[in-house]
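Throw the hints in and build the complete structure from the sequences for me.
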Amino acid sequence: MPVQSPISSVNDFVVRFANVNGSGSASANEMFARSILRHGVPVSPRNIFPSNIQGLPTWYEVRVTEDGHLGARGGVDMMVAMNPQTWDKDLASIEPGGYLFYDSTKPMPASKFRADITVIGVPLTAITNSTYTDPRQRQLFKNIIYLGALCALLDMDPKLVEQLIGEQYKGKEKLLSSNVHALHLGRDWALQNLKCPIGLRIKKADKVGDRIFIEGNNAAALGAVYGGATVCAWYPITPSSSLADAFTSHCKKLRHDPETGKAKYAIVQGEDELASIGIVIGASWNGARAFTATSGPGISLMTEFIGLSYFAEIPAVIMNVQRAGPSTGMPTRTQQCDIIACAYASHGDTKHVLLLPEDPAEAFEFAAQAFDLAERLQTTIFVMLDLDIGMNHRLCRPLKWDDARQYDRGKVMTAEMLDDGRDFGRYLDVDGDGIPYRTYPGTHPTKGSYFTRGTSRDRYARYSEEGSVYADNMQRLVRKFETAQDMVPRPLQANAAKPTKYGVIYFGSTAPAMDEAIGLLEANGHQLDRLRIRAFPFHSSVASFIADHDFVYVVEQNRDSQLRSLIVNENGIDPVRLVPILHYDGTPITARFIAGAIGDHQDQLKLTPLRKVKS
Amino acid sequence: MTYIAKPKFHHPGLPKNDLGFTHRDYEGKISTLCAGCGHDSITASIIEACFELSIEPHRVAKISGIGCSSKTPDYFLGNSHGFNSVHGRMPSVLTGANLANRDLIYLGVSGDGDSASIGFGQFAHSIRRGVNMTYIVENNGVYGLTKGQFSATADRGSKSKKGVTNTDNAIDLVAIALQLGASFVARGFSGDKTQLVPLIAAAIQHKGAAFIDVISPCIAFNNHAGSTKSFDYVREHNDAVNRLDVITGRDPISVDYAPGTVQVVEQHDGSRIALRKIDADYDAHDRVGAMTFLQKHAAKGQIVTGLLYVDPESDDLHSHLDTVETPLNTLEAKDLCPGTTALDRINASLR
Ligand SMILES: Cc1ncc(C[n+]2csc(CCOP(=O)(O)OP(=O)(O)O)c2C)c(N)n1
Ligand code: SF4
Chain A
0 MPVQSPISSV
10 NDFVVRFANV
20 NGSGSASANE
30 MFARSILRHG
40 VPVSPRNIFP
50 SNIQGLPTWY
60 EVRVTEDGHL
70 GARGGVDMMV
80 AMNPQTWDKD
90 LASIEPGGYL
100 FYDSTKPMPA
110 SKFRADITVI
120 GVPLTAITNS
130 TYTDPRQRQL
140 FKNIIYLGAL
150 CALLDMDPKL
160 VEQLIGEQYK
170 GKEKLLSSNV
180 HALHLGRDWA
190 LQNLKCPIGL
200 RIKKADKVGD
210 RIFIEGNNAA
220 ALGAVYGGAT
230 VCAWYPITPS
240 SSLADAFTSH
250 CKKLRHDPET
260 GKAKYAIVQG
270 EDELASIGIV
280 IGASWNGARA
290 FTATSGPGIS
300 LMTEFIGLSY
310 FAEIPAVIMN
320 VQRAGPSTGM
330 PTRTQQCDII
340 ACAYASHGDT
350 KHVLLLPEDP
360 AEAFEFAAQA
370 FDLAERLQTT
380 IFVMLDLDIG
390 MNHRLCRPLK
400 WDDARQYDRG
410 KVMTAEMLDD
420 GRDFGRYLDV
430 DGDGIPYRTY
440 PGTHPTKGSY
450 FTRGTSRDRY
460 ARYSEEGSVY
470 ADNMQRLVRK
480 FETAQDMVPR
490 PLQANAAKPT
500 KYGVIYFGST
510 APAMDEAIGL
520 LEANGHQLDR
530 LRIRAFPFHS
540 SVASFIADHD
550 FVYVVEQNRD
560 SQLRSLIVNE
570 NGIDPVRLVP
580 ILHYDGTPIT
590 ARFIAGAIGD
600 HQDQLKLTPL
610 RKVKS
Chain B
0 MTYIAKPKFH
10 HPGLPKNDLG
20 FTHRDYEGKI
30 STLCAGCGHD
40 SITASIIEAC
50 FELSIEPHRV
60 AKISGIGCSS
70 KTPDYFLGNS
80 HGFNSVHGRM
90 PSVLTGANLA
100 NRDLIYLGVS
110 GDGDSASIGF
120 GQFAHSIRRG
130 VNMTYIVENN
140 GVYGLTKGQF
150 SATADRGSKS
160 KKGVTNTDNA
170 IDLVAIALQL
180 GASFVARGFS
190 GDKTQLVPLI
200 AAAIQHKGAA
210 FIDVISPCIA
220 FNNHAGSTKS
230 FDYVREHNDA
240 VNRLDVITGR
250 DPISVDYAPG
260 TVQVVEQHDG
270 SRIALRKIDA
280 DYDAHDRVGA
290 MTFLQKHAAK
300 GQIVTGLLYV
310 DPESDDLHSH
320 LDTVETPLNT
330 LEAKDLCPGT
340 TALDRINASL
350 R
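Same order as they appear, the protein sequences are chains A and B. Each residue of the first sequence is one higher than the last, beginning at 0 in numbering that gives the first Met the number 0. Each residue of the second sequence is one higher than the last, beginning at 0 in numbering that gives the first Met the number 0.
Be aware that a few hints might be false.
Derived pair list, reagent style DSS-like, types lysine-lysine, alpha-carbon separation capped at 25 Å [claimed, not checked]:
{"hint": "1", "chain 1": "B", "residue 1": "K333", "chain 2": "A", "residue 2": "K410"}
{"hint": "2", "chain 1": "A", "residue 1": "K252", "chain 2": "B", "residue 2": "K333"}
{"hint": "3", "chain 1": "B", "residue 1": "K28", "chain 2": "A", "residue 2": "K446"}
{"hint": "4", "chain 1": "A", "residue 1": "K251", "chain 2": "B", "residue 2": "K333"}
{"hint": "5", "chain 1": "A", "residue 1": "K446", "chain 2": "B", "residue 2": "K15"}
{"hint": "6", "chain 1": "B", "residue 1": "K333", "chain 2": "A", "residue 2": "K399"}
{"hint": "7", "chain 1": "A", "residue 1": "K261", "chain 2": "B", "residue 2": "K333"}
{"hint": "8", "chain 1": "A", "residue 1": "K479", "chain 2": "A", "residue 2": "K350"}
{"hint": "9", "chain 1": "B", "residue 1": "K333", "chain 2": "A", "residue 2": "K263"}
No wet-lab data here; the hints were simulated from the structure.
And the structure:
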């Protein structure tokens with residue numbers, strides 16, 4: 000094996016913690032990520048966890064990235080190997096020249112290590128056992144002790160870590176001092192017994208700015224609070240449960256009447272997804288802003304009601320935090336695999352609005368906007384998150400709100416309008432935009448009532464199975480969907496430095512990896528214009544972007560190129576012009592992967608001359 | 000056009016209620032159900048109950064699932080909003096509607112196919128949540144709209160029109176509603192309006208989950224010998240425990256029934272139910288007693304009707320969630336949005 004010099008890098012490396020689910024390591028690992036942020040150095044952490052509660056392997060990866068790349072990088076520079084079960088796999092994932100940090104209490108044969116990495120042993124068990132008698136304390140403080148040792152090894156400022164511990168245990172003095180004590184135990188041991196610091200280092204910088212560090216689910220839940228959601232009905236499912244939990248805790252803090260203490264919201268844990276979406280539809284029909292949070296299997300169950308929302312034109316907001324499918328698939332792994340299922344959910348001819356946020360800040364904005372859109376368009380709006388943005392902390396711009404903003408309740412005919420003699424036909428296209436007026440139940444003693452049903456009816460909501468009446472309604476629904484095109488967030492385009500014949504389309508959580516991949520591709524001489532799609536229906540600029548390029552790569556995290564299919568289907572584009580770049584093993588897509596796949600294709604384009612086929 | 004409007008002719012001599020409304024003001028479209036269908040009698044009873052209570056028709060939201068029974072909300076209270084949702088899912092839609100606006104009256108109409116099979120879960124959960132509603136199941140023991148299959152409330156041993164014997168046990172929705180904590184549980188018979196109208200009126204006045212199972216024979220598919228949901232069978236096996244009068248809060252109470260056989264129940268809103276007890280031993284305040292009574296009579300092939308259980312101290316889902324008195328659907332950005340100051344604080348806590 001060639002001699003490998005240890006990796007040397009300041010503020011740009013990946014540390015991965017391998018732990019056992021239930022060992023209490025999560026908070027220490029998160030504290031590690033936050034401490035680096037406090038040094039002014041951006042991080043991008045990812046939770047990699049199994050779908051069980053205790054005993055199975057979990058990983059927490061912290062990408063330290065002074066350049067601010069928030070996608071996953073791939074590869075591990077330092078492995079904190081705390082799980083014997085996954086030792087071999089963990090060892091193998093370390094980059095050549097990387098570091099292995101392990102508990103050296105029990106001696107291990109040399110065959111258990113690799114020659115091309117630096118091995119750092121700290122007798123964690125021995126230290127904890129000699130300090131603590133209680134087994135749970137031994138377990139928990141072991142995590143803080145390795146955090147302390149890492150502080151010394153990576154040259155981190157212990158004061159900043161202490162400050163964080165202080166914030167976490169504010170008011171709980173005993174816990175605070177015992178945690179700080181454990182931190183110093185680890186740090187002191189490392190300083191006295193190891194060569195500190197190693198090649199990987201944290202150096203104070205000023206690269207975080209005013210950005211915040213938040214999970215997408217939390218941000219979307221805040222979006223629902225700010226967007227005026229008053230009814231939330233949901234059923235537990237990974238990775239969306241934390242969205243409903245966050246909505247609950249924000250409402251508890253922000254939505255109680257100061258005088259009476261009563262709640263200005265209603266949250267119901269439904270008996271299943273059928274009931275959850277039913278409650279949302281009932282509440283929205285009656286004029287409240289309502290939403291549910293779910294994931295793929297929940298969407299499957301909701302489709303009959305989604306069809307009702309489309310056809311009977313009842314607002315609904317569904318926050319879909321996607322995970323790997325089909326069926327139970329990989330419940331704790333990420334994908335962007337519900338695009339087709341949501342765009343065309345339910346039987347019969349349907350089309351639904353999808354919003355595709357790239358990060359927590361957009362998750363907040365789109366979640367709030369979804370309620371305006373649902374009421375303006377009187378239909379289901381999907382906010383399409385995924386596990387990668389939903390359940391991981393991301394650095395993003397601070398959440399913003401305009402206090403002058405009013406909720407847009409869409410076309411609602413009031414008692415006054417009815418008294419003024421306005422013609423009310425529930426399915427009448429008065430403005431030519433396909434969007435009819437509705438009335439809320441209880442509006443007027445004699446005018447404006449109608450019967451809502453999923454069965455065909457005429458413009459005045461009178462039951463009718465007349466073919467022409469049905470077709471007229473279906474055509475209006477198409478008009479409405481066309482109107483939606485200009486209401487939803489537009490795609491964002493960024494052009495390459497030089498004119499190019501190639502473009503790339505991407506969306507959602509792929510964005511940070513894509514942004515980074517562009518740099519890698521440019522370094523290899525590949526120029527690409529970029530279009531980030533932010534919603535379905537597609538804005539006309541999507542078709543013109545494709546028309547402007549010879550080839551357009553469509554990068555997505557599913558097997559069947561679902562976004563590409565949707566573009567082909569909705570815009571009548573020749574599929575040959577759209578080259579799929581697909582990543583679907585459940586891990587977040589990386590810049591390395593995108594740059595590799597696009598680079599290969601570009602090289603092929605150049606290397607393979609068109610030959611005439613001899614007849 | 001398949002829709003039929005009722006002629007707008009009002010007889011000047013029609014009786015009026017406190018609001019000055021006549022029965023016609025409580026009617027809807029002309030029924031398209033089979034002539035003689037029990038469901039139409041229930042529609043008539045709902046109209047009568049709402050008329051007697053002087054309810055403003057437009058303050059009612061009438062929600063149903065899918066089935067012949069679920070079509071009926073179109074046939075009453077034409078000035079109110081109706082919602083024919085999806086098969087078996089009326090309870091969730093009603094729950095959502097109720098959460099959005101606690102000020103309306105919620106009437107859920109369902110069939111036994113709708114509520115005891117595909118919607119069994121939703122039925123159960125809306126009851127256990129204590130949604131403030133009147134939940135009526137128009138129970139004919141068959142699937143009417145899909146032409147006569149047994150429903151889950153068909154009694155074991157009863158025969159279909161084609162002569163097939165049902166070998167499955169029946170679900171008694173009344174027993175289930177009692178077990179699930181409904182605070183008002185009753186059974187009626189579509190052929191006995193005298194008993195049914197006050198049951199519906201009392202249920203509407205009741206705060207919380209009020210459930211009424213109404214045996215409603217299906218003329219087309221379940222009114223033959225061998226059916227336990229036919230008009231003849233129910234008339235022969237009906238065992239009424241009580242009859243009631245509903246007295247709204249405004250009226251002074253004046254009932255003069257034989258002592259020992261009348262029980263006056265005062266509800267949360269001041270309305271009173273005078274229970275004329277036919278079975279002198281029957282206590283409508285005893286949930287466990289009601290369950291036992293029901294089982295004993297079912298074993299003898301009897302169908303117990305009347306107000307089987309009422310909790311006058313009941314509360315509802317809004318009380319459980321402690322929501323504001325103002326309907327949630329009227330809250331605006333100024334009431335709901337925490338604003339930039341709060342958001343700045345949140346941003347700061349996330350650094
Ligand atoms: C999801 C779904 N499955 C099946 C049906 C077909 N369907 C319509 S009505 C009905 C049963 C109605 O029976 P019930 O609720 O007892 O009402 P009835 O017609 O007897 O009054 C069924 C199965 C449907 N509409 N939707
Ligand atoms: S089929 Fe039966 S339930 Fe349906 S309308 Fe006719 S009689 Fe009534």
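Hint by hint, here is what the structure shows:
1. Using a Cα cut-off of 25 Å, the hinted pair K333(B) and K410(A) holds, with the two alpha carbons roughly 20 Å apart.
2. Of the pairs offered as hints, the one joining K252(A) and K333(B) holds, with about 16 Å between alpha carbons and a cut-off of 25 Å not exceeded.
3. A C-alpha spacing of about 15 Å is found between K28(B) and K446(A), which places the hinted pair at or below 25 Å, so the restraint holds.
4. For the proposed pair K251(A) and K333(B), the alpha carbon gap of about 17 Å is at most 25 Å, so the pair holds.
5. Proximity of K446(A) to K15(B) is assessed by CA-CA distance (about 21 Å); at most 25 Å being required, the pair is judged to hold.
6. Of the supplied pair hints, the one linking K333(B) and K399(A) holds, its CA atoms being roughly 17 Å apart against a limit of 25 Å.
7. For the proposed pair K261(A) and K333(B), the alpha carbon gap of about 16 Å is at most 25 Å, so the pair holds.
8. Pair hint K479(A) plus K350(A) holds up; C-alpha atoms about 10 Å apart against a cutoff of 25 Å.
9. The suggested pairing of K333(B) with K263(A) holds, with an alpha-carbon distance near 12 Å, which does not exceed 25 Å.
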